[in-house]
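**Q** Model the full assembly from the supplied sequences, consistent with the hints where possible.
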Amino acid sequence: MTRREWLVAAEVQLASAGVDAARLEAQVLLAHHLGVTRASLLANLDEPGQADDLLAQRLNGEPLAYITGVREFYGRMFRVGPGALIPRHETETLINEALKLNWRTALDVGTGTGCLALTLAAERPGSDVHGLDVSEEALVWAKKNDAELNPDGERVTWHHADAFRWHPAEPFDLIVSNPPYIAPTEPLPTEIHDYEPHLALYSGDDGLDFYRMLARRAPDWLNPGGCLLVEIGDGRLEGGQEVWNALDWTTRDVVADLDGRPRVWVLSL
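This note's numbering puts the first residue of the sequence shown at 1, with every later residue one more than the last.
For the record, the hints were derived by calculation from the structure and aren't laboratory data.
Hints are supplied without guarantee of correctness; some may be wrong.
[Said to hold, decoys possible] If you anchor each label on the Cβ, the simulated ranges turn out as follows:
{"id": "1", "residue 1": "Pro82", "residue 2": "Glu238", "range": "42 to 52 Å"}
{"id": "2", "residue 1": "Pro125", "residue 2": "Arg23", "range": "32 to 42 Å"}
{"id": "3", "residue 1": "Asp220", "residue 2": "Met77", "range": "34 to 44 Å"}
{"id": "4", "residue 1": "Gly153", "residue 2": "Val12", "range": "42 to 52 Å"}
No residue lacks a Cβ here, since even glycine has one placed at the ideal position from N, Cα and C.
**A** Set out below in structure tokens:
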């Protein structure tokens, strides 16, 4: 079977399974299996090639990023796999807003793969960035990404601790967080619910527990004049805003992502 024939058949199967970008995902799967770039794959479509095992994994609901082991975020490739939340492009809005602010020290709460912490460190040379996560599995990925992106030495200081109980040695100028914000009653696609870590997805009965924790704890973690940037979950704007208002946070801005959805709170005290 030629690559062209396999791609046509795989696209049909993926589309039938409800995969939105079926053509692109078929190309990514085959290119990954063959160890070539998509450009090289598409330039040589009449050569033999198929990736039936990878296709079966995807049709079974396994996320594409877990199959290939990488996900692009803010122009860099991050390693990702079971135990860590897959970086989403809408989360790049947090980076865009952070880079508008004046800060030297920063903390990423619930760092996962480290994509936020490592991107902040790379985009702000001379900064002192820390990443915090309760999951040892997630920190394995974060440290692996740090090592690959910074072969001359670790760029971020990593902390394995429960944010609900953690006390930093020194406060920070900036805190960012893409926290869990899903309620257990909300339906999720199979590729998320069955594969990504529930610790990084769910946050109490109403999806607001992590927001409540940040609202209570972050004042002790911030320097005077510091900012807290938090991702807004879909459907969480109203409930989350009540959390911030109740503890006297000032909402400096609510920033939309590229799809026009409210995505980031810019908060201060």
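**Q** Determine for every hint whether it applies to the structure shown.
**A** Structure-based check of all given hints:
Between Pro82 and Glu238 the beta carbon distance is about 33 Å. The supplied range of 42 to 52 Å is therefore violated. Remark: the range hint 32 to 42 Å for Pro125 to Arg23 is upheld by a beta-carbon distance near 39 Å. Hint check: Asp220 to Met77, Cβ distance near 35 Å, so the stated range 34 to 44 Å holds. Between Gly153 and Val12 the CB atoms are about 48 Å apart, so this pair conforms to the stated range of 42 to 52 Å.
Checked against the numbered hints given earlier, this structure breaks only hint 1.
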